[in-house]
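Colleague: Using the sequences and the accompanying hints, generate a full structural model.
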Amino acid sequence: MKVITWNVNSLRARLPRTLALLDRHKPDVLCLQETKLTDEAFPEEPFRERGYHVEAHGQKSYNGVAIVSREPLEDVTKGFPGDPAPEQSRVIAGTVGGIRVVNLYVVNGKSVEHPDYALKLAWLDALDAWLCAVVEPESPLLVVGDYNVAPADIDVHDPELWRGQNLCSDAERERFAALFKGGLRDLFRECYPEEQKFTWWDYRNGAFHKNLGLRIDLALGTRPLAERCKWVEVDREERKPSTGEGKPSDHAPLVVHLDWP
DNA sequence: ATGTCACTTTACAAGTGA
7 MKVITWNVNS LRARLPRTLA LLDRHKPDVL CLQETKLTDE AFPEEPFRER
57 GYHVEAHGQK SYNGVAIVSR EPLEDVTKGF PGDPAPEQSR VIAGTVGGIR
107 VVNLYVVNGK SVEHPDYALK LAWLDALDAW LCAVVEPESP LLVVGDYNVA
157 PADIDVHDPE LWRGQNLCSD AERERFAALF KGGLRDLFRE CYPEEQKFTW
207 WDYRNGAFHK NLGLRIDLAL GTRPLAERCK WVEVDREERK PSTGEGKPSD
257 HAPLVVHLDW P
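Its first residue numbered 7, the first sequence is counted upward by one per residue in our numbering.
One or more of the hints may lead you astray.
[As the list claims (entries may be wrong)] Listed next, the in silico DSS-like pairs over lysine-lysine satisfying Cα-Cα at most 25 Å (straight line):
id: 1; residue 1: K116; residue 2: K203
id: 2; residue 1: K236; residue 2: K203
id: 3; residue 1: K66; residue 2: K84
id: 4; residue 1: K253; residue 2: K66
id: 5; residue 1: K236; residue 2: K8
id: 6; residue 1: K216; residue 2: K253
These are computed hints drawn from the structure, not numbers from a lab.
Modeller: Shown next as structure tokens:
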């Protein structure tokens, strides 16, 4: 089974590239973040034409998540209990091929001084409480998405520059790490303990060209999935302006290959 | 050194969010 997670930064702006990504990788499951459109406005038809089903949890202009899958999703849920900002569309989950797939778009936080940062910490606390309550470590659960947290210094191009800043601060890293205690494992990091790979580069300052990035798009899984994770790749080509039609997202897709079933 | 991109609006430029 092949699962991709990608923050598209507007599905409308990224539709040709999203369809090209499906044609290129032919994933079983594609989890999208920052679709930035309502469920009514979701362009389902070109996905259906390619043999995919769509489940979306969106809103106008901001946030928005969706799961695109070859097999229909079962037991779809939107949001999560205890969400301190339930009006923001950030979580959708469903079951496919016996795997429970949770797709997240974590609160960005803006900067550690900004009120949104306090919301980010509260949101991560609620996420920890929810996931730690529902995770059964021996049951196949995949939690993918834009975590807006770089888990460790190796995930940052310049750890000293980023020390304590939003996306890298200790408080958010501690909350992220709490998911490990619940039985989740970082599939990319377990496959490649020493590799520095990024998934996000700021649009500004030629950051992609200089590879000034962070690894904030992640796939976490319980033991049955960690043991069957064959490889994980970052589709860096997709971040290049020249790769497809229109401009790139500031995130690259993360492609997870599972030996499943 | 905040230099981009995508969104919105009593729109035709400017503010916001990332």
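Colleague: Any hints from earlier that this structure breaks? Give me their numbers in increasing order, please.
Modeller: No hint contradicted; all consistent.
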